[in-house]
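Engineer: Given next are the chains, with one letter for each unit.
Protein chains: 2
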Amino acid sequence: MKKLKRSARLVELTQFLLARPHSLIPLTTFAERYGAAKSSISEDLAIIKEVFEEEGMGELQTLAGAAGGVKYIPRVSNERALGIINDLCVKLEEPGRILPGGYLYMSDLLGKPHLVNEIGDIFATIFGGQNIDVVMTVETKGIPIAYATGAKLNLPVVLVRRDHQVTEGSAVSINYVSGSNKSLHTMTLSRRAMKEKSRVLIVDDFMKAGGTVRGMIDLLAEFDAEVAGVGVLLDSGTVDSEERLFEDYVSLVTLETVDPKSRAIGVKPGNYFEK
Amino acid sequence: MKKLKRSARLVELTQFLLARPHSLIPLTTFAERYGAAKSSISEDLAIIKEVFEEEGMGELQTLAGAAGGVKYIPRVSNERALGIINDLCVKLEEPGRILPGGYLYMSDLLGKPHLVNEIGDIFATIFGGQNIDVVMTVETKGIPIAYATGAKLNLPVVLVRRDHQVTEGSAVSINYVSGSNKSLHTMTLSRRAMKEKSRVLIVDDFMKAGGTVRGMIDLLAEFDAEVAGVGVLLDSGTVDSEERLFEDYVSLVTLETVDPKSRAIGVKPGNYFEK
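Protein chains in written order, with this note's numbering: chain A, 229 to 503; chain B, 229 to 503.
If you're looking for bench data, these hints aren't it; they were derived computationally from the structure. Some hints could be false.
[As the list claims (entries may be wrong)] Keeping only pairs whose Cα atoms sit at most 30 Å apart, straight-line, the calculated DSS-like set for lysine-lysine is: (1) A:Lys340 <-> B:Lys423; (2) A:Lys340 <-> A:Lys503; (3) B:Lys340 <-> A:Lys340; (4) B:Lys425 <-> A:Lys319; (5) A:Lys277 <-> B:Lys233; (6) A:Lys277 <-> A:Lys496; (7) A:Lys423 <-> B:Lys299; (8) A:Lys231 <-> A:Lys277; (9) B:Lys231 <-> A:Lys266; (10) B:Lys233 <-> A:Lys233; (11) B:Lys425 <-> A:Lys299; (12) A:Lys410 <-> A:Lys489; (13) B:Lys299 <-> B:Lys233; (14) A:Lys299 <-> B:Lys340.
Fair warning: this is a prediction, and the values are worked out from it, not measured in the lab.
The shape of chain A in the complex, shown without the other chains (with noise of 0.2 Å):
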């Protein structure tokens, strides 16, 4: 690459960085890049962490030694996330989303690959300091909100499916029992997908009892695998304590009524705060 102007250093920089979250760089790989020095390149670095923090976009980590590098770690500040799940309250409390049996339209919401990105965002602003190997989620409307976490957090994705598919090779299957109605079901994950002792992070859409979540848990038993943390757009505050089969979690909102009569929907912003 042609020796560059800090000018044209900073936006190649910068773009350099937001691409690979997580990631630690050493410094010679710019200066050789750019063909600058390494003081230069620690001076524009610096610029660069203190637009990311004021800005609420994340941090630039620094590691010094020959091991050392930059590394950027996205994170959301509070006052972002809640603007963007108070916007997500509103849209959600639109009373022509109810759907009959008291279900929640969410598709447009969830099609729009801008807050799309911003829900994983948040996800990968909670659990970025965990020890993850790997996002899973079960098909079908969690896959888009994993695919986000797991580029935030630079991690791959693993896709659990309700039927075993001749392109997944073999595969371990389990019955689990849904929370909310006790109807059983099947979930099945390659063989192929996960390494022994990955500790993963659940993610999904929705969760009522938990009986979905509880079954990927008892999945990744059978890989011997562990859950390294839960988070779910939606939460139903609508669940008995007893009734629910799973605690740990983390939710960015939650839905306190829906009632098709006068067709009204509560939601509030899910434990994400509390945390």
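Assemble chain B onto chain A, guided by the hints.
Structural biologist: Just chain B now, with coordinates in the frame of chain A:
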């Protein structure tokens, strides 16, 4: 926001533009945001434009006049696209991917958010100039590619389901015949998912004879919508042309041979570079 120096402004502007592809942003937005003169912002943008172009990251379009502003159009250079696709070819030819029945395991590759985002960048490059309202895919494995593409084109994503879900409200279902083994399947799309007359980019992970894509196009007709383009990660080069149900598509990689006996897989870059 507090008044920023040029160096800090360049960092901020770069991240702001990267986060908002295909969005027209008036110069006054930046001028107010950074407490700077429009002429200074224009100079900043010229620097960013040069770096983006030099790096093969895309274009910064500036529109003059009262309704003017700047728009970041992500675009992957042919050189970078070839690098990504060649890497993909090498990985796809690993003999361990062959599954019983001659299927190819690729969930590990589709599970890498960084790679999936690069695939989205390539689709956004080839379809970015077209008039598209929405990106569509059918569950499951095409979903991350659809979101990566939608994010870079600043477009919503619509998911076609295999079964009608209670969380989707009233839906339109069709039957379609898979081109390769002539079996009958169903696909369904929520009535709320798409406006009439929408122009739709169809994206998927794999296409053999094209039965699934054909099905999605039939489904579009029910919504009075039309197909604006079709992009698949992998297509099969072993399908006879009279067997093929759909011809006009872009593929990144073409699967030429899968021989379970010798465990040999042959792939080559798809028709992307011919488009």
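Engineer: Take the hints in turn and mark each one as holding or not.
Structural biologist: Do the hints match the structure? See the list:
no. : hint                  : result
1   : A:Lys340 <-> B:Lys423 : holds (15 Å)
2   : A:Lys340 <-> A:Lys503 : holds (26 Å)
3   : B:Lys340 <-> A:Lys340 : holds (20 Å)
4   : B:Lys425 <-> A:Lys319 : holds (25 Å)
5   : A:Lys277 <-> B:Lys233 : holds (14 Å)
6   : A:Lys277 <-> A:Lys496 : violated (33 Å)
7   : A:Lys423 <-> B:Lys299 : violated (43 Å)
8   : A:Lys231 <-> A:Lys277 : holds (22 Å)
9   : B:Lys231 <-> A:Lys266 : holds (28 Å)
10  : B:Lys233 <-> A:Lys233 : holds (16 Å)
11  : B:Lys425 <-> A:Lys299 : violated (46 Å)
12  : A:Lys410 <-> A:Lys489 : holds (25 Å)
13  : B:Lys299 <-> B:Lys233 : holds (23 Å)
14  : A:Lys299 <-> B:Lys340 : holds (19 Å)
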